[in-house]
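Start from the sequences and build out the full structure, keeping to the hints where you can.
First to last, the sequence lines map onto chains A, B and C.
Quick note on numbering: my numbering labels position 25 of the first sequence as 25, and the sequence is numbered without any gaps.
Quick note on numbering: my numbering labels position 208 of the second sequence as 208, and the sequence is numbered without any gaps.
Quick note on numbering: my numbering labels position 61 of the third sequence as 61, and the sequence is numbered without any gaps.
It cannot be assumed that every hint is accurate.
Said to hold, decoys possible - To give an idea of the chain B side of the interface with chain A (calculated C-beta under 7 Å), a few residues: (1) P63; (2) G108; (3) H109; (4) V268.
What the hints assert, rightly or not - Here are some, though not all, of the chain C residues that point toward chain B, as calculated from beta-carbon distances under 8 Å: (5) F8; (6) N22; (7) I23; (8) I52; (9) D59; (10) V65.
I should point out that these hints are in silico values taken from the structure, not numbers from a laboratory.
Here a beta-carbon is modelled for each residue, glycine too, at the ideal position from N, C-alpha and C.
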Amino acid sequence: MNNVYFWEGNVACAEGALIAGCKFFAGYPITPQSEILDRLAFRMPEVGGIFLQMEDELAAINSVIGASWAGAKAMTATSGPGFSLMQEGIGYAIMTETPCVIVNVQRAGPSTGQATRCAQGDFMQARWGRHGDQMLIVLAPNSPQEMFDLTIDAFNLAEEYRTPVILLSDEFIAHMQERVEVPSKVNLISRRKLKDISEAPFGGSLIPPIASLGDDFNILVTGSTHDEYGYRKTADPIVHDRLVRRLMNKILLNADKIKRVEMQNLDNADIGIVSYGGTSRSVYEASDLANEKGIIIGHVRLKTLWPPPEKEIKALAERVKVIIVPEMSLGQLSLEVERIVEGKAEVILLSKIGGLPITPHEILSKIFEVLR
Amino acid sequence: MILKHFARKYLREEVLPSTFCPGCGLGIIINCFLKAVEELGYSNLNDFIFCSGIGCTAWIPSPHFKADSIHTLHGRAVAVAFGVKMVRPEHHVVVFGGDGDIAGIGIGHLIHAAKRNLEIVVIMANNFTYAMTGGQLSPTTPFESLTLTSPYGNIEKPLDVVKVIDAAGASFAARWTTYHIIPLIRTIKTAIKKNGFSFIEVVSQCPTIYGRRAGFKSAYDMLKYFKEHSVPIEKAKNMSDEELKDKFVVGIFVDREKLGFTSLYKQVINKARVKL
Amino acid sequence: MSELDKVFVDEKLCKGCGICINICPYHVFTVKDELKGIVTPIGQDKCTQCGICEIYCPDFAIAIVPKKGM
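Below, the structure written as structure tokens:
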């Protein structure tokens, strides 16, 4: 029997982490993610896990990295400015192939911006926020239910692909209260452990098995360029090329398995929309309203933002002349959609900032404007 | 028969000779640490996990020690050690770092780990400079000293990191120099056994970068200088600031019995479970 | 290498910093290779096996035969 709760998104995320087997959480208070922190402060000791409020976000992400290497499923949560502070640590986690989950509840920036208001301005930062070539997985929920489901998913993907996974939520979803169904049984993936050092914990296969600190394999973990056994080889161009390409490829070559995407009315669409997160909720209603007027919206809603579900976006572009991209930023997702559709459809940005949601009627008027 | 240096049973043969400059104090710190480990009866480093950041000192455990080690970002070794220790409380978690790594970019984490009395050992090699980047001003660079970034003399008074640790409320803090091998070995043994945050500053010679610019002719010259300019803490208590101006006060500064963070956290778990 | 030898220097590891030459109270060490500065023990008979050179050697190059009964 599934249990049903009435949870806000942040609480659903915290509970999802516990179900996923998260045994270490370190965070720092910041609006609008603080309820994740508050919930886990209370709940984590109940399951024998570790909750730490750290001195800053740098400490939070780095202690998560330490905990993950010591063998625990580990997570941190933050918003805007805190996410910026964590970027160096996330880069380290990518380079060292550290499974961990980073929740970023988006708020309006730049800088302190509108601390309590919603935005979708971290789409590109989640992908490109660090120095150096790299790839990681970014998921975006659009309901408290998905805050729960995708948090579990994020842990599974982190363990399977040995990578940090970002759950890119936003203030609407984080503070939205809805029905959340907690299944009695959840499929969990555990990290593939190293059996012998000859298996090469930093190479040898696309996703190498991992050894924990304390397992006595004498492992060397380093964020510097390293060979497949962890030895620093910072001056070796071949080692660097091989390592960085593998880190990219282990995500890119598995993009089809990583992708989670929702598609509505693609076959007979008059116009297309690509959206994610809080904004997609307005698209649902706009779609119903448009239907009443005899207009069919082909909607591709991204749950996996990075790597982006290119085939689905391309398929939409094959069927419609225009794709509207509503987003609470001055144009980030729209740039990626433009890149993917390669001119096969016109991409029109519907952007709104300031903290208020893009309403279904605003989407509708944009559609009328375009179709006229 | 070829007799090997005692430390080599704890070191990865394939990375020797070390990458450290001739006469570098870090090798002496390695010897003192491993002598303490040997005297405590450990025949290998399986009971230890090492964390380090960026800088010459960070290379002590990674890759030299035949042990599990994590070489982290600049300044973040103590934060990473926090996560490691909480998940593996049965292991000795030891952080090695330089003055720039530990007391410059990483001092926030250091103070908070000391305040929480997390049961880890932090060994800070103080060579007064950022040696790996060529010799810039560090938080511990002596007053009026010439470095690449204080070409007209350092106008900042150096930070007394041991005092900071004392104020933060940690269990244990000490300072020695690489000249003081016997008390340093003894102090490291105490620190490893301590159930609380233990901090050891080791004033260490950097003959290549700092020493050369400061006018020292050799590594031994610097060791001799450390010997002649060290004052035991008991004696220093009766000396004026003027008398202590160019001196290193050495000894055990803090040794208090108090519960460590992992023990306190176990109490949190117990409270949460009673409630259920 | 004689059976009576008490101190060994691994020439592959010695970087010639000279700390041991100066620190040894019995002047057991001297420079063998002027160019590389590599050190060799010349006073085996003078060595008391106190072991401080082993700790002061930053390059793990010196080894001392442990004193009997230790």
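Taking the hints in turn, this is what the structure says about them:
Here the hint on P63(B) is kept, as its CB sits about 5 Å from the closest CB of chain A, short of 7 Å. At its closest, the beta carbon of G108(B) sits 6 Å from a beta carbon of chain A; the interface hint therefore holds under the 7 Å criterion. Hint on H109(B) holds. Least Cβ distance to chain A is approximately 6 Å, under the 7 Å limit. The beta carbon of V268(B) is positioned within 7 Å of a beta carbon in chain A (closest approach about 5 Å), and the interface hint is therefore held.
Interface restraint check: F8(C) against chain B, minimum CB-CB distance 5 Å, threshold 8 Å, status holds. Below 8 Å, beta-carbon pairs count as interface contacts, and N22(C) has one with chain B at about 4 Å; its hint therefore holds. With its C-beta approaching chain B no nearer than about 7 Å, I23(C) sits inside the 8 Å limit, and its interface hint holds. Of the supplied interface hints, the one on I52(C) holds, with its beta-carbon coming within about 7 Å of a beta-carbon of chain B, less than 8 Å.
Because the beta carbon of D59(C) sits about 6 Å from the nearest beta carbon in chain B, less than 8 Å, this interface hint is met. Look at V65(C): its Cβ gets to within about 6 Å of chain B, closer than 8 Å, so that hint holds up.
Violation of the numbered hints given earlier is absent; every hint is satisfied by the structure.
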